[in-house]
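Each protein sequence line maps, in turn, to chains P and H. For the first sequence, counting from 1, position 39 maps to 38 in numbering that gives the first Met the number 0; every step adds exactly one. For the second sequence, counting from 1, position 94 maps to 93 in numbering that gives the first Met the number 0; every step adds exactly one.
If you're looking for bench data, these hints aren't it; they were derived computationally from the structure. Wrong hints could be hidden among the right ones.
[What the hints assert, rightly or not] Cross-link-like lysine-lysine pairs, in silico, DSSO-like; alpha carbons within 27 Å at most: (1) P/105 x H/323; (2) P/4 x P/18; (3) H/205 x P/51; (4) P/55 x H/205; (5) P/51 x P/13; (6) H/198 x H/391; (7) P/14 x P/4; (8) H/182 x P/29; (9) P/92 x H/323; (10) H/224 x H/198; (11) H/182 x P/44; (12) H/224 x H/205; (13) P/92 x H/205; (14) H/295 x P/29; (15) P/104 x P/51; (16) P/13 x H/323; (17) P/92 x P/104; (18) H/323 x P/29; (19) H/242 x P/4; (20) H/292 x H/323; (21) P/44 x P/92; (22) P/29 x H/224; (23) P/13 x P/92; (24) H/304 x P/29; (25) P/44 x H/242; (26) P/29 x H/301; (27) H/323 x P/104; (28) H/302 x H/291; (29) P/35 x H/391; (30) P/4 x H/224; (31) H/242 x P/35; (32) H/323 x P/161.
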Amino acid sequence: MEYMKPDEIVELFKKRLNKSTIIDSRIETKTAGLTKSSYNVIWLKINPEDLKNAVKLLSTIHFPHLAIISGNDMGEEIELIYHFSIYYGARFKEISIDLSIHLPKKDLRIPTITDLIPGAQVTEREMKEMMGITVEGLPELPNLFLPKDFAKDTHPFRRDEKGIYPLSKNGNYVGNNIIRKEEVKKIE
Amino acid sequence: MSKETYSIPIGPVHPSLKEPVTFNFEIYGEHIENVNLAPGDNHRGIEFMGMQRNLIQIIYLAERICGICSASHPFAFCRAVENAAGIEIPERAQYIRVIIAELERIHSHILWAGVAAHELGFDSVLYLSWRAREEVLDLLEYLTGNRINYGIFMVGGVRRDISEEQIPRIRKTLGYYKDIYSKIEDIFLNDPTIALRTKNVGVLTKEDALNFCAVGPTARASGVKKDIRQDQPYSAYADLEVKAITPDVLTGVVNGDVYDRIIVRLLELVQSIQIIEQCLENMPAGEIIAEKKLVKLLNQLKKAKGEGIGRHEAPRGECIHYVKLNESEFPEVWKARAPTYNNLMSWVPMLLGQQIADIPIVIASIDPCIACMDRVTILNKDNGQKKVLTKKDLHELSVQKTRRITP
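Please construct the entire structure, taking both the sequences and the accompanying hints into account.
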């Protein structure tokens, strides 16, 4: 089996997808142990429309293992990061690939990748419930993480009005939820 | 004649579970026709809690995600923070981390072996194996101060050193496991009853393991050579020859059944002992933590900006944490993923076509904790008759099957 180098993988992505697709790319090299052996992590920021093409392209290199999708509410938009890894099965060869997409709050839709990686269902459903993302192509299934009778338009990982009530510590607001103190008082 | 199926809900909560699960089975006669999973009954919102705490407080929160993996989550979390903030860990700390993580693997796999034997109705083995597990728990208490929730991990290193005087005690415990290993192997691999109950039961093909993103011994028993200690070595694993163990090492074939999962876990016991011995031999001298003063460390982390992932091969599979720091006291994002999260979906192909009496061992074959047979109701849809099967009844069914098929 031939293994591509991390910069070759980034080049392949730039070549095979539209030029505007790759917004940002970064390769990290980390070392470990007395021998200072190194491994690589690739961070790619891509256009949300090309998510599926990117995953398809990744599958042509090696069948990717999807660990999880992590979400971050950044105010105006929501960032989703797909944590993949490829080339597992051989010593020192595995490369982590983190595909990041930024979705505007007005249009929170992603296509499902369960047709390519069936195991993605659990984590896609988590993002649907916790972040309020519409996953197109995923069947309507009951809540997996939240209680069955949980409010439909409340999503615990959101930091805006759709999020949950912020926690307070000694009367002071803590955390980086963007609801202001005055608004908290109003709710109280 | 129409095919009449019964629905059996199993679960949802058992106190020993880290991820409580409800199973809804569609049963035709004795055979499972369909399975629906409904986890999330005990979602504690740990990630949300973590995002209201500083990074050192989160280590202790991460430790309490799971009682058995209490070294795995802080290990992965500390690596994520170190990657995000660009902190280098001293080599000696890397070795101590690996020793603790491997001791945890020994106790977790022996615990699992006991649970598996119990589910088959082999209770004497449960008591014997859990007695054997006490030795490593005592050793962990001796090294860290606690049997579980060791509190040894810190961003940038570890909190306690392993001194020269402590090494003979570690070697003594390793010697004990080497002595009893042949007995454990004999019980699990050569016993005809265990072979009858586990061979060709709960089969997960290699294709399904890849498609459903299975991790850990579950994936390896299906022939997927996936082990982060081998694929992307971190800490001291980079200096050690760690190989992903698949069942064909011993038997020459990969079936992906419960028996293969037993083989993988038993061989990993031997592997863990070898890793610890190598670590003890090669452990370099030096510092054990990058920054000793916690206040200074917290200030450094407060100014850090960046994102990182931390991965660790926990006893049950890959543990992955993602942390994003944004020049604030609290992390902007903390995402933790336990291995069972990924192994959830692989239960479905394993359970389809199996018998009710095989449910306990198939479910336990992924993960020792999951024995959530609190209460089972068999409901006849036609006449509305209800029959409640408790965990005891289900266990009894399993024991009866063992007796029935034993020659």
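Sort out which numbered hints this structure fails and list those numbers smallest first.
8, 11, 17, 25, 29
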